[in-house]
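Q: Each chain is listed here by its residues.
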Amino acid sequence: MGQHLPRSIVKAVAVAGATAMIATGCAKAGTGGGDANTLTLWTHNGGNKAELAIVKQIVKDYNGSQDQYTVDVKAFPQESYNSAVTAAATSKKLPCILDTDAPNVASWARSGFLAPLDLPQEVVDKNLDSTKGIYQEKLYSIGYYDAALAVFAHKDALEKAGVRIPTVEEPWTAAEFESALDKIKKSGDYDHAFDLGTGDSGTEWWTYGYSPFLQSFGGDLIDRDGYKTADGVLNGDAAKKWAAWFRGMVTKGYAPAKSSVDAFADFQNGKSAMVWTGIWNAGPLGEVKDGVALPPPDFGNGPKIGGGSWQWAVSSSCAKKDAAMDYLAFSLDPKYLAEFADKQSVVPATEEAAAIAGNGWEEGGSKRFFLDESAAFAELRPITPGYPYLTSTFAKAAQDIIAGGDADKILDKAVTDIDADLKANDNYGN
Amino acid sequence: MSTTLAPQAAAAGAPSGTRSKAKTRSWVGFTFTAPALFLLVVFFFIPVGLCFTLAFTNARLISPEPTQFTGLDNFQRLFEDPLFWKSLRNTAFFAIVVVPVQSALALLLAILVNGQGRAKNFFRTLYFVPVVTSIVVVSILWRFMYAPQGLVNNLLQMVTFNLVDGTDWLNNTSTAMPAIIVMSIWQAVGFHMVIWLSGLQTIPSDQYEAAALDGASEWDKFRFITWPGLKETRTFILVTITIAALGLFAQIQVMTSGGPLDSTSTVVYQAVRTGYSQQQTGYASAISLVFFALVLSISLLQRFLTRDKDVR
Chain A
1 MGQHLPRSIV KAVAVAGATA MIATGCAKAG TGGGDANTLT LWTHNGGNKA
51 ELAIVKQIVK DYNGSQDQYT VDVKAFPQES YNSAVTAAAT SKKLPCILDT
101 DAPNVASWAR SGFLAPLDLP QEVVDKNLDS TKGIYQEKLY SIGYYDAALA
151 VFAHKDALEK AGVRIPTVEE PWTAAEFESA LDKIKKSGDY DHAFDLGTGD
201 SGTEWWTYGY SPFLQSFGGD LIDRDGYKTA DGVLNGDAAK KWAAWFRGMV
251 TKGYAPAKSS VDAFADFQNG KSAMVWTGIW NAGPLGEVKD GVALPPPDFG
301 NGPKIGGGSW QWAVSSSCAK KDAAMDYLAF SLDPKYLAEF ADKQSVVPAT
351 EEAAAIAGNG WEEGGSKRFF LDESAAFAEL RPITPGYPYL TSTFAKAAQD
401 IIAGGDADKI LDKAVTDIDA DLKANDNYGN
Chain B
1 MSTTLAPQAA AAGAPSGTRS KAKTRSWVGF TFTAPALFLL VVFFFIPVGL
51 CFTLAFTNAR LISPEPTQFT GLDNFQRLFE DPLFWKSLRN TAFFAIVVVP
101 VQSALALLLA ILVNGQGRAK NFFRTLYFVP VVTSIVVVSI LWRFMYAPQG
151 LVNNLLQMVT FNLVDGTDWL NNTSTAMPAI IVMSIWQAVG FHMVIWLSGL
201 QTIPSDQYEA AALDGASEWD KFRFITWPGL KETRTFILVT ITIAALGLFA
251 QIQVMTSGGP LDSTSTVVYQ AVRTGYSQQQ TGYASAISLV FFALVLSISL
301 LQRFLTRDKD VR
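First to last, the protein sequences are chains A and B. Each residue of the first sequence is one higher than the last, beginning at 1 in my numbering. Each residue of the second sequence is one higher than the last, beginning at 1 in my numbering.
Each hint should be verified, as a subset may be incorrect.
Said to hold, decoys possible - 25 Å max Cα-Cα, derived DSS-like pairs, lysine-lysine: (1) Lys413/A with Lys86/B; (2) Lys221/B with Lys120/B; (3) Lys155/A with Lys138/A; (4) Lys228/A with Lys413/A; (5) Lys409/A with Lys86/B; (6) Lys56/A with Lys343/A.
Said to hold, decoys possible - Examples of chain A residues lying across from chain B (beta carbon under 8 Å, computed): (7) Ser107; (8) Gly405; (9) Asn425.
Stated by the list, open to error - Which stretches of chain A does chain B cover? Using the computed rule of at least three CB atoms under 8 Å from a CB of chain B, they are: (10) 108-116; (11) 251-265; (12) 398-404.
Source of the hints: derived by calculation from the structure; they are not laboratory data. Just so it is clear, CB atoms sit at the ideal spot from N, CA and C, and this is done for glycine as well.
The following block holds chain A by itself, in its conformation from the complex (with noise of 0.2 Å):
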């Protein structure tokens, strides 16, 4: 016995071994291409069935469009895309083609993951853009639409109260804006005149839903001259006021401290009269019967949404570059682009696709609002390689704030975290 079993465990580890192998080894030949012209694909949209769809049908139209090349699409889902992407960008093993969140493509860019694009300017021209990921001067990525927030209102509520319905010409005044909040809190209708959607605990939509508002009261996360320091910008009189506000929304009882974990699904129940989201819920607005997308009041500096989603880039370590690009440039036909906006609840990337989209996205359509207002409003967030820590520090400090904390000394205590990661990382190269 004692002689037999050591034998039949270092077979058993063997196996083991040789299956990790295996395993490993086949990643490799999947990542690295397998055959010279197999280019592979990386998407997050792994949970997403109709958009992995459309990237699909592309992958095949284009293979079937020329023969010298093949793409392969390998889907992630979301939740760890990004991981996946650093994994394999740390082990030299990143795919060809590959999607990036917007405000990431810096932080890739300089850390030498992705390689500039080189794509017809006539192409990208056309692109509205918060869809162009440009990092010192070059375009690292690039994408075929846009998302957008919006206030989504009952609109009933608003002609009881007699507010005045804002339209992305003329916007709300934050003076028309606070009266009313105030007119709708007095009618007694709703628990709530303006929910802002302060559930999601997750780290992005706080940057990416509150600091729009900072931006339209004339703050920001880092000033943009430069990316060399916060101070003054996300500390200043401008970001004071923009506390001020933000927090006086629950202090006036407008909005909940802590909102549910569905804001929208109060709204569309009625609990709140308006709910600050964005065209993901566009089709669930829809159903709403009196439920209308308005643009965000003008805090002095214009009114703000975020701007830049999910994008296309080509990894540096791709070694049939230029065919990459020729499946970019493939990829953003305008029936392509249309088929996004049609399908999934996105603003297409250019007027072209917008034409042909149909489905409300035409001139004068019923989602023609989230177009315009994209291209008249949409701020991007800061492009620097700094920005996963820029965002993490502005979402602590919102949600602090939210939470009743001293907003002066909140505000300082985040420049001062954002300067010194600024100097201990020698400004990130800027």
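Since the structure of chain A is provided, determine the placement of chain B on it from the hints.
A: For chain B alone, kept in the frame of chain A given last:
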């Protein structure tokens, strides 16, 4: 346990066989431990070694800049960071409440479900169910229960005939941590109940029978038979609950993200947030290193205080 077993095995093996047989035996032993040892080295010793090294550098998660040795900078920054002290206080508060309450409650449950019978098996299973449920799932469910219009507040209103309204438990600086404490105890108490139970069953029943003959009261039986009989179990439970309590993380991540106003931020949560969201691997390693030193000294202190004083 292992310390008492190892010498026995060695003693039994030595006289029984020849040298080569002993060699084979150690080979077998090694083969059996190899998978566990391999996993320990890869997922424990190497990361710990890395943590010790990275804590003295400015390593970042992704960056083109080379990592530089920065000496004690990270530690200096850490000790000047008010958030670290706040996290440490929160962690200590959590542990100081959870350790005695959870172990006492577990012992009470164990005594109640000790012995035979169908109903007792049923209750054992019932108390154990939360333990085998993922803490993430439990946290999400309790988040709904603690909501302003959630189950907890509705129950409160029902029981008190609308006199007590409850609060937004997880969004109130004074109730957030207690709310998490209650939930954590409820979730983990079954596990320690089972350990107490195994301890209770090692106490020979003839001792109770003898005590009953002598006319001892229930309290006397507990005081003079049960409590001394649980000595080993007690130490084990004390150490494991303390370590688990100090490592509070999942509930915070799911339920509050350390808020409101850092009232639920813990040391481990701060380390994870710093290391992953903020990509400061070096600084996060320094936090982990300090945390490691703290846990180690607390465990050693507990071992010292609960040592077997009778052995000379």
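Q: Can you name, in rising order, the numbers of the hints this structure does not satisfy?
A: 3
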